[in-house]
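**Q** Chain by chain, the residues run as shown.
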Amino acid sequence: MIAFFLQIVGAEAWRELRRMRAYPFDFLADQTLFLIGFLLLSGLFQVVAEGDYTKEAQLASLVGFLTWRAADGCLLRTVNGLTDDAQWGTLEQVWLSGLLPRLIFIARSIVIFISYVIRVLIIAVILIILLGLSPHYPFGVALVFFFTQIGVFGVAYMIVGFHLVYKSVAAMTMAFSTALLFVTGALAPLSEGTILYSVSRFLPLAAGISLLQEMIVFGTSFEKIVEDPNFYWLLATTFAYGIAGWVVMGWGQRIARRHGSLAHY
Amino acid sequence: MRTKSEDNAFVRLANVTKTYPGAKKTAVDNLSLALQPGEILALLGPNGAGKTTTVKMIAGLVLPSSGNIQVRGFDMVQDRTKGVRQLGAVLEGARNLYWRLSARENLLYFGSLRLVPRRDLNQRIDELLKLVDLSDHQHIEVRKYSRGMQQKLAIAAAMLHDPNVLLLDEPTLGLDVQAARKLEETIAILAREQGKGILLTTHTMLLAETLADRVFIIHEGQEVAFASTQELLKKFNGNREATEIRVDGRMAESTIDFLQQMFAGVSAAPNVETTMLTWPEPKQSRVVDLLKYLDEQDEIILEINRRQAKLEEVFISLTERGEKK
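Protein sequences appear in the order of chains A and B. Count the first sequence with our numbering and you get residues 1 to 265, in order. Count the second sequence with our numbering and you get residues 1001 to 1325, in order.
Honestly, I wouldn't trust all of these hints.
[What the hints assert, rightly or not] List time: in silico SDA-like cross-link candidates among lysine to any residue, alpha-carbon distance up to 20 Å:
#	chain 1	residue 1	chain 2	residue 2
1	B	K1024	A	M172
2	B	K1144	A	R21
3	B	K1024	A	G260
4	B	K1082	A	I104
5	B	K1082	A	L99
6	B	K1234	B	S1317
7	B	K1082	A	R21
Worth flagging that the hints you see were computed from the coordinates, not collected in a lab.
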């Protein structure tokens, strides 16, 4: 079973690489856009802070920005992958594979996750060097990053599930993804006690970004993080979004089969 | 759970009905059919008759409202994943393939998805590429293929896991005569030499007539006829011959309209010098009536020919009148 699952992950990874080969400038343009995007935002913050934009604040923004960037990529790629497949008719062939479609989606998600981690790491290395930042790399930081992104995949699966039934839902993905950048405290911390802060607590990225900033900017150890109630809130939101995504995608498949709308877009 | 069938049918539909949520009409109404090993079964019907819905229900892509569908004994509602492994499908109006990948890359991807063991996959791909005559083009991106090549590759992809059942929805749609002929040969090989059960939908009567062992005619979701091609033709030719009457000159459209009102089922093909009238099911006395009418209209009859009806004429006759078997 594990061997077969790895075979599917391998097939998805291989297909993703071929897709990148077919659109080589998409990758380059994407990387350049987000690299320059952060430099512009950083410059803007410098002006707003009247030169008091510290290295720690800059690093915190970078951690938030890159965590969001990975989430943004995973969300868009997951949803767009499905809508493209529906449009091309390959979605039905995926359904005809004799595997549980959700298993294939998990395999795809693993590949998409790895792909965006690599992209984000490349941007991170370049920006850290360019801006002269000094991040910490405590043990467990990858795990916290991973949990943060699982919640995002939960959201992606929910959109996919709704999209299978209500065909225009996928159009909302980019708006939602962009909103996450500004309402999760990714760029600048939100003021506690505000409505926006309370809302952000229930969004998939907020708790994770805050913990990652603690670890990477201030070097807080994983042992300390585990003692932080925020960590358990991250697990709770991740679990909630993950389960909700799984359930909604299953529901969407059933309804789409009833409506005969798997191939419609 | 696999259930024991009374016979060896690869596919069995029993009283299958499908009404899409919110739809006023029933897409498929109480259909029952069976597809036997090595058989080519043609599902014929006008647009919107329910052919694609039937194929997608067999493939487990659309849930039936009621009735039972089994593929090699697996219930396609309760045991879809197991049932799906027994079949391959090429669906109409879909690419079925990734256009940015080459033929071989597509087959590698879909082969992995269909859990063909890695050690066997390359050999299987070589066999299939040879079967569909694409070995020399296997490294070209599919978007650069002709429609016929894409269709053949889609069939190869559907055959990767060596399924017993192949569902082909309009396999020759949009193909030129040569490509269609080659595809027909491939379909025949799969059924006759490899024993696959093939269910195909088509608008091309000639394809059904030459390739299919049995024909299932569906109209407005209901079964109109289900018999072997020969039986169907024999049944209709028993009391219905087609009469062809060639009339001098191009008949006016108003005359043709009037003629068709008086003699239901007459089709007319006017050209510059003559008009060919074809009537699939007239009794001799009715033919005489028609001839008298033409004579009264001062039409000059050049030629009268009585021949056996073609499948196309049987199909038109059945679907236009919505006759039941």
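**Q** So, for every hint listed, does it hold in this structure?
**A** How the hints compare with the structure:
no.	hint	result
1	B:K1024 <-> A:M172	violated (31 Å)
2	B:K1144 <-> A:R21	holds (16 Å)
3	B:K1024 <-> A:G260	holds (15 Å)
4	B:K1082 <-> A:I104	holds (16 Å)
5	B:K1082 <-> A:L99	holds (9 Å)
6	B:K1234 <-> B:S1317	holds (15 Å)
7	B:K1082 <-> A:R21	violated (35 Å)
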